[in-house]
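Residues per chain, in single letters:
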Amino acid sequence: MKILVIAEHKNGALSEATRELFGLPFGQAEVHAVAAGEGVEPLAASLGQLGAAKVHLIDSPVLADGTGESLDQAIGQFIEQLAPDAVVVAHTPLGKDLAPRLAAALDAALATDCIQVNLDGGEVTVRRPVYAGKATAEVEFTDDSLKVITVRPRTVKAPEPDAARSAEVATVAVELPEQKTALREILAGGNERPDVTEAAIIVTGGRSLGSAENFSVIEDFADSIGAAVGSSRAAVDAGYRPYRDQVGQTGKVVSPQVYIACGVSGAIQHLAGMRTSKHIVAINTDPEAPIFQVADYGIVGDLFEIVPLLAEAAKNRNGN
Amino acid sequence: MNIFVCIKQVPDTTTRIKLRGDGNGIDEADIQWIISPHDELAIEEALRLREQEPESIITVLSAGPERVTDSLRMALAMGVDSAVQVDLPGDADSAMNARALAAAIGRLGQADIIFTGKEAVDDGAAAVGPMLAVFLGLPCVTVVNGIDYGDGAITCRRDVGGGNIEVIETPLPAVVAAQVGLNEPRYATALNIIKAKKKPIDTLSADELGITEADRKMRLKNFELPPPKQPCRLIEGATAEQANELIRVLAEEIQAI
Ligand SMILES: Cc1cc2nc3c(=O)[nH]c(=O)nc-3n(C[C@H](O)[C@H](O)[C@H](O)COP(=O)(O)OP(=O)(O)OC[C@H]3O[C@@H](n4cnc5c(N)ncnc54)[C@H](O)[C@@H]3O)c2cc1C
Ligand SMILES: Nc1ncnc2c1ncn2[C@@H]1O[C@H](COP(=O)(O)O)[C@@H](O)[C@H]1O
Numbered sequence: 001m002k003i004l005v006i007a008e009h010k011n012g013a014l015s016e017a018t019r020e021l022f023g024l025p026f027g028q029a030e031v032h033a034v035a036a037g038e039g040v041e042p043l044a045a046s047l048g049q050l051g052a053a054k055v056h057l058i059d060s061p062v063l064a065d066g067t068g069e070s071l072d073q074a075i076g077q078f079i080e081q082l083a084p085d086a087v088v089v090a091h092t093p094l095g096k097d098l099a100p101r102l103a104a105a106l107d108a109a110l111a112t113d114c115i116q117v118n119l120d121g122g123e124v125t126v127r128r129p130v131y132a133g134k135a136t137a138e139v140e141f142t143d144d145s146l147k148v149i150t151v152r153p154r155t156v157k158a159p160e161p162d163a164a165r166s167a168e169v170a171t172v173a174v175e176l177p178e179q180k181t182a183l184r185e186i187l188a189g190g191n192e193r194p195d196v197t198e199a200a201i202i203v204t205g206g207r208s209l210g211s212a213e214n215f216s217v218i219e220d221f222a223d224s225i226g227a228a229v230g231s232s233r234a235a236v237d238a239g240y241r242p243y244r245d246q247v248g249q250t251g252k253v254v255s256p257q258v259y260i261a262c263g264v265s266g267a268i269q270h271l272a273g274m275r276t277s278k279h280i281v282a283i284n285t286d287p288e289a290p291i292f293q294v295a296d297y298g299i300v301g302d303l304f305e306i307v308p309l310l311a312e313a314a315k316n317r318n319g320n
Numbered sequence: 001m002n003i004f005v006c007i008k009q010v011p012d013t014t015t016r017i018k019l020r021g022d023g024n025g026i027d028e029a030d031i032q033w034i035i036s037p038h039d040e041l042a043i044e045e046a047l048r049l050r051e052q053e054p055e056s057i058i059t060v061l062s063a064g065p066e067r068v069t070d071s072l073r074m075a076l077a078m079g080v081d082s083a084v085q086v087d088l089p090g091d092a093d094s095a096m097n098a099r100a101l102a103a104a105i106g107r108l109g110q111a112d113i114i115f116t117g118k119e120a121v122d123d124g125a126a127a128v129g130p131m132l133a134v135f136l137g138l139p140c141v142t143v144v145n146g147i148d149y150g151d152g153a154i155t156c157r158r159d160v161g162g163g164n165i166e167v168i169e170t171p172l173p174a175v176v177a178a179q180v181g182l183n184e185p186r187y188a189t190a191l192n193i194i195k196a197k198k199k200p201i202d203t204l205s206a207d208e209l210g211i212t213e214a215d216r217k218m219r220l221k222n223f224e225l226p227p228p229k230q231p232c233r234l235i236e237g238a239t240a241e242q243a244n245e246l247i248r249v250l251a252e253e254i255q256a257i
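Just so you know, the protein sequences line up as chains A and B, in that order.
Counting from 1, one number per residue, gives the positions in the first sequence under my numbering.
Counting from 1, one number per residue, gives the positions in the second sequence under my numbering.
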């Protein structure tokens, strides 16, 4: 079996979500990787050390300033040349934008946001969440078309790079038709904390924070442990936090290692965005709050008393 | 403008999911069906565009079994001009839904703009909009939370994570997938809901659109509910002790900090 990993990169480095893909059980499959963009050559060494047997480089300035459209066409053309059995990409904003268009253009089967992936034994088996994580289901591919699979970040651990390994490297030429869409500008969010979709730990505050200023309690604690700040929709609607922090069914779906919900009731739409977190901590004055039903650890109490003490305890621990 | 909106009917998000006996789907018996939340934003955007361009016609489509006509009526009550059910099985996959919707739009006339939601909250695939665009040979902009309408072109703001926004210009016709922040969907008034009950809904069959089982690429099976959670371990004691203990758990037991 031939598998192609699409490498996502930024500022010359592979994204963590891409590194993780090399932790998937590939079995005896022949693992290829493709990196597209401008000046992608240096990525080949990292991809080789992570386990790619062959790295294909598509280098073009058009790809650096382009939209998903150009990337999509470049990678699509290359996939037709390589003819893999499965294409794997991380379920990140880029992967989500790319995968469905690739699948449609290549008449491939598509399984997005997979949380269990097995490529061992010549077969592709994946499981994905449905109904916002209230259940999971296995994907049955109904014919032997190419399979395009996006994998939820943090599903598997990235392997340690092995300096002794290296990949065969090939450059690929593609011909891009005239682009319809044009990237005019990127407005940077100016967020110095990690994004909720990328963070290993998220500290989330809810309506009970009462004001945007009071969120400094949450921010201080998050900063003390290197966490992202999340928000319930009620806190976003009240204007305490920007929408980008919203976790839940109409916000971001996250599955960090630890999710710490402070003054969040645990409404079903909130749970839809975080119930697959590895460890859930709840801090709430109401012992009956539904969040405790999904939490692994809980403190019944006032967040305004407890959260500052958590920040202090974390800082003390770091100091030691 | 000829505006199309694709909406998916999904179980109400507060519904408890029960599995079917054979495990290959959910038990639909007690389900309340709603328009998938992002698709309401798609409808709202179409209505606002028609307010700017009063000559516009909005056609809303939903692929699925007969039950989807209830959601189409809700869209009519919100104010769209006409509604079409694309008759497909409820378990059609993204590829089949997108092929059928593309074929239906192709039959109904030249689209100037097609709105979809960012993703449907049942399968969460975020696939049908971009796939439909490819099948129609149109550009597609996903996770859009703001649109400026120009002459034969639009400029979209895309939410690409981390608070970063890409500003993308595309000529029309195009497919746009709506993200939260694009607008606040209006509520249908009770009067309009009653009026919508009498409005006609057209149906296009899979046959008419040339869609067969061969357009399906995958199906979901062996559904599982998440394993029951261990009860929550409450950390007791004086506030400072609780805080110290939780930090100890995070550092030593979970090894997360
Ligand atoms: C279609 C739809 C989509 C939705 N999408 C989302 C979504 O994406 N994300 C989302 O979050 N919600 C979403 N919601 C809203 C959701 O239903 C809830 O209204 C929302 O999550 C509640 O936010 P909250 O927990 O902050 O507030 P509340 O429900 O008001 O809970 C506040 C909690 O704080 C506790 N509390 C109060 N004071 C303190 C204190 N001093 N210390 C500790 N605890 C305290 C209270 O006991 C309570 O449990 C959606 C709703 C709908 C209908
Ligand atoms: N069966 C369907 N009928 C109409 N529109 C659909 C259907 N399925 C998906 N869509 C549209 O495509 C978007 C993405 O859906 P999905 O790919 O299922 O996450 C939805 O928000 C809808 O706008």
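No lab work stands behind these hints: they were computed from the structure.
Glycine included, every Cβ here is placed at the ideal spot set by N, Cα and C.
Careful, some of the hints might be misleading.
Unchecked claim - Have a look at the derived ranges for each label pair, beta carbon to beta carbon:
(1) A:Glu219 to B:Glu184: 23 to 29 Å
(2) B:Glu253 to A:Pro159: 23 to 29 Å
(3) A:Gly226 to B:Ser205: 53 to 59 Å
(4) A:Ala64 to B:Ser205: 44 to 50 Å
Unchecked claim - Here are some chain A residues the structure puts well away from chain B; computed CB gaps all over 12 Å:
(5) Gly12
(6) Pro42
(7) Glu69
(8) Gly76
(9) Gln77
(10) Ala108
(11) Ala163
(12) Val174
(13) Glu185
(14) Phe215
(15) Ser216
(16) Phe221
(17) Ala234
(18) Gln246
(19) Pro308
Inset, instruction - Return the numbers of the hints above that this structure violates; sort them in rising order. - result: Those not satisfied are hints 7, 8, 10, 13, 16, 18 and 19.
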